[in-house]
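Visitor: These protein sequence lines are chains X and G, in that order.
Heads up: the first sequence begins at 1 in my numbering, then just goes up one per residue.
Heads up: the second sequence begins at 1 in my numbering, then just goes up one per residue.
Please keep in mind that the hints were generated in silico from the structure rather than gathered at the bench.
Note that the coordinates shown come from a computational prediction; the quantities given were computed from them, not determined experimentally.
By construction, the Cβ of each residue, glycine as well, lies at the ideal position given by its N, Cα and C atoms.
Some clues are possibly wrong.
Distance condition first, Cα-Cα at most 20 Å in a straight line; then the derived SDA-like pairs of lysine to any residue [stated by the list, open to error]: (1) X:Lys471 with X:Asp457; (2) X:Lys146 with G:Leu63; (3) X:Lys146 with G:Ala64; (4) X:Lys146 with G:His364; (5) G:Lys423 with G:Asp280; (6) X:Lys272 with G:Ala310; (7) X:Lys452 with X:Thr374; (8) X:Lys146 with G:Ala54; (9) X:Lys146 with G:Asp73; (10) X:Lys352 with X:Ala481; (11) X:Lys160 with X:Ala132; (12) X:Lys172 with X:Gly199; (13) X:Lys392 with X:Pro302; (14) X:Lys219 with G:Glu100; (15) X:Lys272 with G:Pro557; (16) X:Lys146 with G:Lys423; (17) X:Lys219 with G:Ala64; (18) X:Lys392 with G:His364.
One side only, chain G facing chain X, incomplete, derived with CB under 10 Å [to be verified]: (19) Gly99; (20) Ala169; (21) Ala319; (22) Ala347; (23) Phe351; (24) Thr367; (25) Leu442.
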Amino acid sequence: MSLTCGGFGKAILISSPTMRTTFRSLLTAIAVTPLLAGCFASGEDGSSPGAGAGPAGRLRVALAVPPVQALSPYSNDATVLSKLSVAEGLTALGGDGAAAPALASSWAQTNATTWVFELRKATFQDGSEVTAESVVNALDHANAAKTKPRVLSDVTLTAKAEDADTVTISTKTPDPVLPLRLASPALAILSAKAYAADGTVSPVGTGTGPFVITKLTGKTGATLNRFDGYWGGRAKASGIDVTWIADGTARANALRSGEVDIAEWIPTSQAKLLDPDTRHEVPSVRTDSLVLNTAGGVFADPSLRAAAREAVDGSALVDSVFGGYADPAQGLFGPAVAWAADKRVEVTGRAKAATPAQVRSLTNGRTVRLATYTNRAELPEAATVLQQQLEKAGFTVRQDVREYTQMEADLLAGRYDALVFSRVTLLDTGDAVAFLASDFTSNGVYNIARLKDTRVDQAIASAAKEGDTAKRQQLIMRAEAEILRTDAVVPLVHEKVVQGISADVEGVLLDPRERSLIDVDTRLK
Amino acid sequence: MSNAPSTGADARSARWRAGVGRVVAGTTLLAAVALLPWLSGTDPALTVLRARSADQDPTPAQLAAVREQLGLDAGPVRHLATWLAGLPRGDAGVSWVSGEPVLPQVTTALGVSVTLMLGALVVTIAVAALISARTLYLGSRRRLRRGRAGTGAAAVAALPKFLLASLLATLFGVWLGWFPSSGWEGPGSMVLPALALGVPSGAMIGGLLDQSLPATLNETWVRTWHGCGFPPGYLARHALRRTLAGVLPQLLPTVVALVGGAVAVEKIFNIPGLGRLALDAAVAQDLPPLQTATLVLVLLGVAAGLLIQAVRRALLGPALRDGALPALHPPALPRSRAARRAAGFCALALFTLVVAGLLRDPLHVDTAARLLSPSAAHPLGTDALGRDLLARLGHGAVRTTGVAVAVTVVSIVVGLLLATAGKVSAGLTEVMSTLPAVLVGLLTTAVTGPSVWGAAGAVCLVAWTPYAAQAAALLEQERASGHLHASIAFGAGPAHLLRRHLLPAVLPAVLRNALLRLPTTILVLASLGFLGLGEQPPTPEWGRLLLENQPYAELAPWTVLGPACALVLLSVLAVSGVASGRRASLPG
């Protein structure tokens, strides 16, 4: 269909210039063609959009981030596979933040670097059986992917099939969070058919979940049907029709007009417009903070960092910029990280804050270059509030607001003094150490604060080594206190996500990690 | 540039020059696009990696893997050559981000965008017809007693398209449910976006048409025909035919350019069009789709340019060829007092706005006073951060209009210069007029880095095209007119011709066009903000006010109403002010 559309466009433009009956016929042609052309995205399934529910029992979902690599699990698209229950890993993330059984029914650690996983009886959506061989094949492909999935960036896995339903996985260095790691959607187990010779991976019809993708229409939509051979029973919904709507207002509109049943990530500016019974808020693992550049510029001086920390009040953002859909910051980890509050360590040994007069003399006419990006609509507004707060404390502030990719290189090169930053604190491992290590250790790749502090490095390293969950969490909170002591980062708010769910739908998963949305039990009432 | 009636050889060489102009302009543009990742100083490996995965750590090993996978070390020339070599086979390469073939993506998006553009064209024609209907009706009956300042057209043309789109989506999509609020799934999805794009364009085209019609209707042949008892419908048709020839070239930068330049509306209605595809590719520095989209836009521009030229020839052909066209000179109709009143009212309103605004603090954030509706304390209400909107409008006025007027003046000068350069520039105009300002913005930031004047520079690079197209069309008519030939026969030199005949014939129409486009210029300038171009927040600026308050349009309509009204006031003032001014300066 696509080619005929393109062709039709040109055909009009090249229509004979010698035509003398000219413009009346031309106008008619122009006026009629678009109506006849039918250059539209869908149409063959006959499901017309608009008010009213979709075909019997099908869920209509608006997702926010269009696929970038045709739903390859090694890209951004991986979360779509877990959100829509298309593919599964060996494990899944449990509600308590620990690993739960998925394709592996149980596992055991045999030594520091080796784990044994017992597989359950399951079938791929293409009809083949899930065997140890297929699991090894899937993990090997993830390991060999051209740009390694983030979850494997700090570990090298070797998977071996012991027998038909036992897989041994060993790592080069001890990895206490391996079962959590395997829950990452990037390590989803797909059938051998998914992996093409050129390195691309297609989850279309190759997953193990309760829903199978039957059609993917570019970046606009996908059709999923129920997979009847799912090991966990038949899904209650007969299928899912996915539309990708990048614009938050448009997503909210689609829900409000009844074009979709579920719309994820309603921007805070639109949340108030939703019916209260369709508005569901979830504490998110995203923390917004002010990151200060400790290596150069104004904030190399600890007393100025302390002054900034005292000047900045994140709670002022909660009701204004975030419209109530946020919690005032308690630290790096917010209420979505359930264990954090009880284990929080008090921050001691901070530098003394400079007074406004001292700030003026210490900065000596230098301006604070305050950066933030437009991708998340709340951040530029937050930056403006922070600018006023910082100016009250004696700083001179100049903003630089751009699209994220337009400034990332500058951020990593330390060309800013401060950045209003929204960061997921539990990355795809579900383990907080990965975030701390990449953002705050002296050799961290995402160390925008350019923090080099031996005590922070040590605290993070000792947390990374710990295998016992409770002790690891305790050490993570100690590391948090060490990081906050340096004032390299000033947490502002913990975001909440607003999910729009029509009153006709029940069983939608409200996941703080934004990794699940629809499962076997989600259905239309 | 030839002032004599064209002979066959002249026409052939003119066609040659136009062809060469197109090829050179197109090639230069494509080469510039191909160099983007190497000019920008931002590692394409990083932007591609980021486009693929938001959470991916940019480790040197990962970046090296991307670089190797894409063959970035081979350099731009190699990439361009491979891409060009594939084109004849229908292979436009694979996307760097997704690894999927580019051509199917681009043709699908083009199909969508062209369909949408044709829908917008229908609306444009309808709106333009409505606006010029009165003049045509009265004129063809020789009852045109008073001139019109065109304030209505100016007001509608000043409506920001994205705001209209938001409004239509909310009103007809969400509240009334008459049409889908987003998506691209059937003719019904096309109605709202076509309206959002077509209504302001139609007002623009209609405004221009409405202003040139009286001149045509004042020509001797109309009087003669009327006297001979030809029916008014017949007169109207021929007057339209005569006038349209001068206005048609405006369709290229106004309507055809929507194929690549309707990003904001595509976003609001979630339409998978070419504008979004090109912008996403440009931001990720994903060259193959970006190059292919640019090539398609260039070809589209040239094709549309040729078509428009053909239609003009068909409308005016023999007269143009034989030099039998008198220049269009507007009759000295008494201006309606309404124009002067409108100008006075707008000037007063804007003056009050600016003075009242300047007395207030535009930067003071008060999170407790968020989105307050208009009251005595805040006459125009407050925005999402509790800042006073009146203060922000007042403080932004001078800066906004100053930059926009400067950009417009530069664009007019460039446009006129290129128009007088004759056929060679026609290609350049066609090539540039379909190019979205955002793409040019990306190219200029690549060279200059983000700066305050970057936005102005980028907009100047594309904003001259409407004026060049218009001036070229008018000059062609003027050069074919009898009185010019008479002047030449009396021995007038090129300078004299330019000063006494060509410029006076062209300038008023171009100026009017520029005034109608002033609000668009302001919005285009602001739309480049996400690239770091232009004034940085929190500096108040009208375009930014509209953009940053757009999400609150439904929750707190006054946040967009104020800035939108300011734009309308400015536009009406400019148009009616110049109309009364010109009238006043005419002797008698």
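Visitor: Hint by hint, say whether it matches the structure.
Guide: Status of the hints after comparison with the structure:
no., hint, result
1, X:Lys471 with X:Asp457, "18 Å, holds"
2, X:Lys146 with G:Leu63, "10 Å, holds"
3, X:Lys146 with G:Ala64, "10 Å, holds"
4, X:Lys146 with G:His364, "50 Å, violated"
5, G:Lys423 with G:Asp280, "34 Å, violated"
6, X:Lys272 with G:Ala310, "53 Å, violated"
7, X:Lys452 with X:Thr374, "29 Å, violated"
8, X:Lys146 with G:Ala54, "16 Å, holds"
9, X:Lys146 with G:Asp73, "17 Å, holds"
10, X:Lys352 with X:Ala481, "16 Å, holds"
11, X:Lys160 with X:Ala132, "8 Å, holds"
12, X:Lys172 with X:Gly199, "24 Å, violated"
13, X:Lys392 with X:Pro302, "18 Å, holds"
14, X:Lys219 with G:Glu100, "12 Å, holds"
15, X:Lys272 with G:Pro557, "14 Å, holds"
16, X:Lys146 with G:Lys423, "51 Å, violated"
17, X:Lys219 with G:Ala64, "27 Å, violated"
18, X:Lys392 with G:His364, "11 Å, holds"
19, Gly99, "6 Å, holds"
20, Ala169, "6 Å, holds"
21, Ala319, "14 Å, violated"
22, Ala347, "32 Å, violated"
23, Phe351, "28 Å, violated"
24, Thr367, "4 Å, holds"
25, Leu442, "9 Å, holds"
Hints 4, 5, 6, 7, 12, 16, 17, 21, 22, 23, counting from the list given before, are not met by this structure.
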